[in-house]
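Numbers -18 to 131, taken from this note's numbering, label the letters of the sequence shown in order.
Simulated from the structure, these hints should not be mistaken for lab results.
What you are looking at is a predicted structure, and each value in this text was computed from that prediction instead of being measured.
Some hints could be false.
Said to hold, decoys possible - Label pairs and their computed distance ranges (CB to CB):
1. 129 <-> 36: 35 to 43 Å
2. 129 <-> 38: 44 to 52 Å
3. 79 <-> 109: 23 to 31 Å
4. 34 <-> 126: 35 to 43 Å
5. 129 <-> 26: 39 to 47 Å
6. 7 <-> 112: 21 to 29 Å
7. 123 <-> 78: 34 to 42 Å
8. 121 <-> 2: 18 to 26 Å
9. 42 <-> 127: 38 to 46 Å
10. 123 <-> 36: 32 to 40 Å
11. 38 <-> 112: 21 to 29 Å
12. 2 <-> 122: 16 to 24 Å
Yeah, the Cβ is synthetic: ideal placement off N, Cα and C, and Gly gets one too.
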Amino acid sequence: MIMETRCFAMLKPGVLNRRLVGEVISRLEKKGLKLIGLKMMNISPELASKHYAEHKGKAFYDSLVGYITSAPVVAMCWQGDDCVTLVRKLVGSTSPAEAHPGTIRGDFCCHTQYNVIHASDSDPSAEREINLFFKPEELIDWEDNASVWF
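Just need the whole structure built from these sequences, with the hints factored in.
Here you go:
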């Protein structure tokens, strides 16, 4: 039996600007994942630097922080069996040229610099990112009576 885990995902400014929030959330819900945390927010430069700490010093770091702080984002916490793996498959490759049609990035992303979604790449990253964006009381692990269908 696969263990239920959590994954952090963030809809970036391009998703809000293009009015795709509902479409992206719907894809994750239709897969059977359980949304346990959701909020729209402006990211401060300080939070962006913590979130993208592993990219500090790279050529694209400043534009990455600039983009993520340019407009509101939607921070989400999802829960489900092998959640990080499932979310990453639905999201698709970081490179738009390599993202398959049918994935979120494959259908909605044209430029890596203006990627439409972030998703945790491992369980430890998910835990770190969830803790950066959500207080424990902001996560609601509700009884999912529909889970027998998925």
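Structure-based check of each hint:
1. 129 <-> 36: 35 to 43 Å: holds (41 Å)
2. 129 <-> 38: 44 to 52 Å: Given range 44 to 52 Å: holds, Cβ gap about 48 Å.
3. 79 <-> 109: 23 to 31 Å: With Cβ atoms ~26 Å apart, the hint holds.
4. 34 <-> 126: 35 to 43 Å: With a Cβ separation near 39 Å, residue 34 and residue 126 satisfy 35 to 43 Å, so the hint holds.
5. 129 <-> 26: 39 to 47 Å: holds (45 Å)
6. 7 <-> 112: 21 to 29 Å: holds (27 Å)
7. 123 <-> 78: 34 to 42 Å: holds (39 Å)
8. 121 <-> 2: 18 to 26 Å: For residue 2 against residue 121, whose Cβ atoms are near 19 Å apart, the range 18 to 26 Å holds.
9. 42 <-> 127: 38 to 46 Å: Because 41 Å falls inside the window, the suggested range holds.
10. 123 <-> 36: 32 to 40 Å: Roughly 34 Å apart at Cβ, these two residues keep to the hinted range, so it holds.
11. 38 <-> 112: 21 to 29 Å: For residue 112 against residue 38, whose Cβ atoms are near 24 Å apart, the range 21 to 29 Å holds.
12. 2 <-> 122: 16 to 24 Å: Check passed, 23 Å falls within 16 to 24 Å.
The earlier numbered hints are all upheld by this structure, with none contradicted.
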